[in-house]
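**Student:** Modelling step: build the complete structure from the supplied sequences, incorporating the hints.
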Amino acid sequence: MKPAPFELVRPATVDDAVAVLADPAADAKPLAGGQSLVPLLAMRLATPATLVDLNTIGSLTGIDDTADERVRFGAMTRQSTLVRSRRHGLVAHASAWIGHTAIRSRGTIGGSVAHADPSAELPSVAVACDGVIGVAGPDGSRTIAAVDLFESMLETTLRSDEIITEVTLRRPQRWGFAEFARRDGDFALVLAVIAEVADGWRVVLGGVGPTPWRCRDAERLLDDSATDMSGLDEAILDAVADTVETFDDVHASAEYRRAMAAEFTARALADMADREPGDA
Amino acid sequence: MMTDATAPTRKEDHRLLTGRGRFVSDLQLPRMRHVTFVRSPMAHAEIVSVDVAGTVAAGAEVFTSESPGFEVALRALSALPGYVETDQPPLARDKVRFAGEAVAAVVHDDRYLAEDAAEQVIVDYQPLDVTIGAWHQNATAVTNGAWHQTVTPVHDAAPDNVLLQRTFEAGDVDAACDAAAVVVRRELVTNRHGGNPIEGRAGVALFDDGKLTFWSGTQIPHLVRNLIADLVGLAESSIRVIAPDVGGGFGVKAVLYPEDLALCLMAKAMPGTPVKWVEDRSEHLLSACASRDHRYELEAAFDADGRLTAVRGDMWCNVGAYSVMPWTAGIEPLMAGGLLTGPYKLDNYRCTVRGVATNTAPAGPYRGVARPATVYAMECLLDSGAAALGMDPLDLRRINLIGLDDVPYRMPTRLVDDTGHYDECLDEAERRLDLAAVREEQARRRREGGRPIGIGVAIYNELTGLGRAASAGPRMPFRTGHEACTVRVNPDGKVVVLSGVTSQGQGLETTLAQVVADAVGVGYEDVEVRYGDTDQVLWGFGAFSSRQAVIAGGAARLAADELRGNIVALAAELYEANAHDLDLIDGEIRVAGSPDPIGNLADVARASWLESNRLPAGFEPGLDVTRFYDPVMGAFAAGVQLAAIELDPATGGIEILEWVCVEDAGRIINPQIVHGQVVGSLAQGVGGALYEHLVYDELGNLSTGTLLDYLMPTAAEIPDFDVGHVEQPADNPLGVRGVGEGGTLGPAAVIASAIHDALGVELDELPASPDRVWSLMRRAEVGGSP
Amino acid sequence: MRDVELAVNGRVRALRVDDRHTLADALREQLGLTGTHLGCEHGVCGACTVLVDGEPVRSCLMFAAQAVDAEITTIEGLAQPDGTLHPVQQAFSDCHGLQCGFCTPGFVLTAVHLVETHVVDAAAGPLDRDAIRHELSGNICRCTGYQGIVDAVERAVEIRLR
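Going down the list, the sequences are from chains A, B and C. Each residue of the first sequence is one higher than the last, beginning at 34 in the working numbering. Each residue of the second sequence is one higher than the last, beginning at 465 in the working numbering. Each residue of the third sequence is one higher than the last, beginning at 121 in the working numbering.
Among the hints, erroneous ones may be present.
[Stated by the list, open to error] Here chain A is said to cover these stretches of chain C; the calculated rule only asks that three of the stretch's residues, wherever they fall, bring their Cβ under 8 Å from a Cβ of chain A:
1) 132-140
2) 164-172
[Stated by the list, open to error] Some chain A residues close to chain B (C-beta under 10 Å, calculated; not the full set):
3) Arg216
4) Phe280
5) Ala285
If you are wondering where the hints come from, they were derived from the structure by calculation, not from laboratory data. Where is the CB? At the ideal position from N, CA and C, for every residue including glycine.
**Tutor:** Now the structure itself:
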């Protein structure tokens, strides 16, 4: 289980990285923390001719608050930093659910979002927090809304010559998180993120479909409830169970996943109810 | 200082903790080259052609079934009537029989380059019909022992895919069933899973000067030497097999694999070049032996008092694509049928077992061999019986357990149980669990609400230290009852033990040193234990069937006792004392009642090895004894597990609240190592009961080919086990019983029993994954119970 | 191929690696530091865990060429030159936290980080057995059933906090 040959390029700047990615002859892929990509290389399921190591680009790290009350994470911010810095309560909490300590020492927020595993925590959190993904390519920079980034299982709308430079997230006024995995640290069988951001509610489920899934019916119920959420839970869970489209695999049937989607939505609601308001 | 029943610092620990272990995968030799196997992506196909031109162009050596020497095949032999012998080539010839079977081997300067070159091997396959299941796939008839017709048999020699079938029969089963108060029936399916030692299989082979040296992470070096000799065309004496530190075995490495043979054949074709293969995890999941892929259709009859009067039924064991060398396809079915009824008294028994070939990886030995599945099956029958009779499940078991008055007890399969300490183990387990308190909490939750609690039980006998009369394996061309041990005093007075067993983590270096140090009368630190090298050690069958402490320990004790006698006799002459008055303590020769030693072992040893002028008449030079030991029978070990689990009704998740295991280990040499063996085997049992499952799709591709999908439990899933012992000395030189496997036997039964206890529902399929338990609970709710 | 210098266990070592060589393979095959073991090569089992700038990292998921500016600690770098074990190693031996020893280097380095982090931040709360089990869940041991390993970490924390 050894990777096929490739050339490792270690650029100092985003422009240098993008230049390599834009060169069709290089057949290049960006390498962030490597915690998902390197296993694919080892199994030779991915065989790029060039790997562009983003770990050498200093400008891709750092966390700061933006003028509009959002938090901007440099794409190469390590997941261990996300947990420790506690600059964004939901991000810190959800990141602690990512794999294990040794995974989080290398894994990055940008890498996780770019890998687009629907069972991973950060893609769902990004959708729930109205994430805006900053991207650099040969033609300059652009932004993509997180909801528009995730196209299908492990597929994004990023072009092959683009890299994620930053992930900007709203701070929810309130949020709840719940995850169900077979073993401690496994990718989620189902995870649920509930967040009240700016103008409305987000109910996002991971692990149920090819991309993080927003349950719009549940969001509407919450949006319409104004401040009184009592008695809503049942209707929210029904909305999730009735509208989720899910699948069978070796770990669970679709029927089970559907039930767990509702159950962990309930647990995320309960988690939210338990949280101090200052936890944002 | 005697070390008996203490835990001195393990001799293995320092090197393993500082990164200086000597594992085969760590071995680096001059001129060494590296091997990658090209494995079949198809489960069943004819090989139309193998094109290696690109590989050769890449600078690699390539071997296929056409290469000189590769026309041989592994053939697991057995004299059992009706056993169909089949061949397993070192590299697939003409057709492949499971996805992951090695078709070609590529040798290059490092593993990276070898894997590159392997990608250039182009194999053209013509797909054949695939058989995955041993009982449902392509089945046309499954009654009265007649087996189904298959579309394309795995082996032409077995058109119905049945490699072995045997009926165990005792008493008048049908009459007993007719006369019974109740007869319960269960249809059960157990989950394929496997050993997955953290170090995969590994080998380095070097052919030089007419001698083959094979470093192998094997549990059975002498057997490998013996079995491989003819196949590689060398005299057994020209082969040296070395098993150094081995990173876990669990039975999976007690097999001679086609890769082992291929490696040795490659070495022979490349004299002077060591060739190294280290199995990666993907290869392990695809091609190492798996186990416990079984189906049981069983009935149990009870009289009105709860006495078990008959068991009858059928079992199917999926033995995969090949009959494993040397244990044969019979290893699981025969163990399953032979030990199903375990520690329960029974006169009337009829069970037909079948080993059915399929297009999946071969089934082989894995810690507990079949019994984690059969104990589950038997305990399910007892729980159903208790429910049908309205009896407490533990009371029903107590009525039927083999007791002290019954031993030696001849089981319906003619095995003789020499322990009757099940009741005692059960008493101790109930005490440790505080059964009454758990029952009270269970009742409280039923009254007041709260997550349901269930109490699960498993009672079993672990068949350990098998001597020639109960030898492991089905009438193979050898009997595994004995083991040799040489104990030697070197000229400096230090003691060396050369033992036939091997160790894959069980701490035999430590345990045997304790046995010998105490028996000879030297310090533990002055004893060095060596094993695993066929050029150093006289003879040994190796590690399997929980035999090391009983048989190797027995041989070590016999040799050490005799050596001590020789030392004392010589010392008596040298120091002009009466041998009866002499004692050897911590390497010093003492006269009873005298405060100062009169000599020491180093002096005696020096006289013996170097100063023949000092040797009295009648004494030959040298202090060296070799003894064999064979316990002839075996030492059954009683075991009981009792656990309280909590169910999450929303998810079907299981939380283990408490788990007690009480076993009869006989006399305990090293309590820490015994504890570690029990806890480690319990954890593997829990893994198999709750998490681990090798799943194939309908085309025969493994769906669980990574450790993200094949779920071995981590520290977070495994509870702290409460381990107790009753120490009933067994009839062997050390009074010990094996403890390596018992822990694995209980968990599946315990979980099923606990779910039954909590909810009254029957778990008929393993593992008890949350989705399965959730479905079971939902069906029970729909059905209106509990 | 490229020439790199790796700072391993306090020594700078020059070696020539292929870009695709993992840190684990470079340590094992080129530097002879075979204490770092490979159990799965896809980042699940944790046997290859080493410390990179003090943080536990899967050395099968990092390339040697990426480790040039880092301080790497492997299992060989823990004990004193005279063989005296690091307190965590000693605790593993005392508590029978290893059997075959193959997963052990990864567990010990994970535990060293855990214990040291906890000692620095003892205010973060008690490191009870459940917390230890959670923190160790990125490493798989097939022999011990984990009980001895959890015992060892508990003991190492006690010793370090003494």
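**Student:** Take the hints in turn and mark each one as holding or not.
**Tutor:** Checked hints:
1. Beta-carbon proximity to chain A at under 8 Å applies to 3 residues in the segment 132-140 of chain C; the threshold of 3 is reached and the given coverage holds.
2. Only residues whose beta carbon comes within less than 8 Å of a beta carbon in chain A count, and the segment 164-172 of chain C has 3; three or more means the coverage holds.
3. Hint status for A:Arg216: holds, given a least beta-carbon distance of 6 Å to chain B, under 10 Å.
4. Among the interface hints, the one on A:Phe280 is violated; its C-beta lies about 13 Å from the nearest C-beta in chain B, farther than the 10 Å criterion.
5. The restraint placing A:Ala285 at the interface with chain B holds, with a minimum CB-CB distance near 4 Å, inside the 10 Å limit.
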